[in-house]
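Listed below, chain by chain, are the residues.
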Amino acid sequence: MDLRVKNHPILGKDEREEMVTIEVDGKAVSAYEGEPIAVALLASGRRVLRRTRKRKEPRGVFCAIGQCTDCIMTVNGVPNIRTCVTPVEKRMKVETQEGLGRWKESKRTKRKISSSVDVRR
Amino acid sequence: MAEVDLAIVGAGPAGLGAAIEAARAGARVTVIDENAKPGGQLFKQIHKFFGSEEHRAGTRGIDIGYQLLEECRELDVEVLLNSIAWGMFDDNRALALKTNNETAKLGVKKTILATGAKENPLAFPGWTLPGVLGAGAAQTLVNLHRVLPGKRVLMIGTGNVGLIVSYQLVQAGAEVVAVVDILPEIGGWGVHASKIRRLGVPILTSYTVKEAIGDEEVEGAVIGKVGPDYQIIPGTESELKVDTICIAVGLAPLAELAWSIGCQFAHIPELGGWVPIHNEKMETTVSGVYVAGDVSGIEEASTALEEGRIAGIAAAESLDYLGKGEAEEMIKTRQKSLDSLRQGPFGEKRKMAKEKLRLLSNKQCRTQ
Amino acid sequence: MSGLRSRWFLSKEELIKLPGAPSMKRLGENRRVAVIECAERIPCNPCEAACPHGAIKIGEDITNLPILIEGKCTGCGLCIAACPGLAIYLVNGAFSDSEALISIPYEFLPLPRVGDQVEALDREGKKVCMGKIVEVIESKKFDRTPLVSFTVPKNYALDVTCIRVLG
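So the sequence lines, in the order shown, correspond to chains U, D and L. Each residue of the first sequence is one higher than the one before, starting from 0 at the first, in numbering that gives the first Met the number 0. Each residue of the second sequence is one higher than the one before, starting from 0 at the first, in numbering that gives the first Met the number 0. Each residue of the third sequence is one higher than the one before, starting from 0 at the first, in numbering that gives the first Met the number 0.
These are calculated hints, taken from the structure and not from any lab test. Wrong hints could be hidden among the right ones.
To be verified - Under 7 Å between C-beta atoms, here's a sample of chain L residues computed to sit facing chain U:
#1 Leu108
#2 Phe141
#3 Asp142
#4 Arg143
We put the beta carbon where it would ideally sit given N, CA and C, even for glycine.
Work out the full structure: start from the sequences and follow the hints.
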């Protein structure tokens, strides 16, 4: 089921050609550099983005403008990233987040990650 | 600390309109937007706008967006993207910003809040399933990001948003299986409904959604006819095979900043709920803080642009970049333009609501 | 227009009473004329501004329903693309002995091609008859609203406002 709109009566043809590869739960996924992570996942056929803490219920995109946080996933080890407004960078590591998510590194590295990983360009 | 004359929060039509007028009068303006790209909702409006020539009627929203940005560029308006304005400090003379994980304070003399609106949710069993999303969200995915939320859609709500997004989903290649509305008549304009009826899209009024079906994501929806008490009449339920359910049940102002600054609000249902009280110059009950666009009451892009202009002119006047008489004349012209957009049976309610706000504003004491 | 608010499309009877509708006499002539299906008072007047012949009148109150001055209408179609509500189309009621020609705004892909057989739909989207594409115009002036013209049997001239492109 191809959800990408390659040709559109008003927007015209999609001129983007080059795709990059990101890693989602260990699997390679093609994406256009700069498009929101959630969009790349949608295009790859994936709508379940995270699971709730207690009952592990599936959640996905709801507002698509970064307001509701239903689309959050762990990106490059950083939890609670709003994938509907965060642009794809090549070789990004995206993981399904269960519940609140957790930092994979120690407190010291945590500070380093938050200043060096610019996930909102 | 960096200092500007005027900070405008939000780079949608209202914010850009305000920036253009204030910068043209000579003020130093910075527009702040949390998104990576400016334009607000304009770049999702691929349809042609209504109104008259001065409102750029007949021009597609996306092109109006480019025109406004070009005007801002020519006037050297600074636009700070990826920046969240999260509070005001120092007697409303400093705006706190978060840009790329760094916090900064921006010194401001006047502030215009043009932060727009958010979509209302609608809770029903299964509404948390992936595949249930706002109609505006679907519009964003399709018109901005060129990806469909799904292939078979149930649209809940027949206001202009529900009707227009239904049309745009068909343009993008989806099938809109049905549009339902709990009221007996459609909420939006007849032309928008006619456009999708002639494509064969069913519009079912006095119908509502009962539940979304699916384990991991939306696989279907149950709708039912409602009685005069708006409850589903047992036995009228039917199951639709859809993979997407869009919720188009209204918008509400995104006014957290105004709340936190201490602006007085009024509850005006016709304008989307809690609205910051403002006068005809778009000034709130907090001196030096203005509002414009959907945050000041849910209307349209064309009214947002006009209100933005008025706020920009008023702010420029209070900064002494425009004389009182000059500003009054300019505001009068823009007000006339606004009035023409609020004419007719659809605009009447909004016009009266805005008048109510103006009267409430005159009753309030301005706070510092 | 109670029919519009409860059925969400106009009936033929309601249409011909509109100030934007041409007379039956004009519809019986072998030339195109605009049909303006604008039935609600909303602030909007780009059709008036778009017409180079002064054939559409709205006036100072921009919520007025547009009046078609059919004597001045040449059927050029500029109003069709200008209408944000896609509420205007052209009808030539006597294109041939047996056919009427209808020109509609069509903002979808794929665009039909000249010669294609299409399904001609009524205002509810129900197929009424088959139509044959005669002309497809894409113009910069139309700003991405192509004008698609097709023939239908004469008696369906006022029933059809949309097409379904096949396969």
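Checklist line | Numbers of unmet hints, in rising order | finding: Hints 2, 3 contradicted; others consistent.
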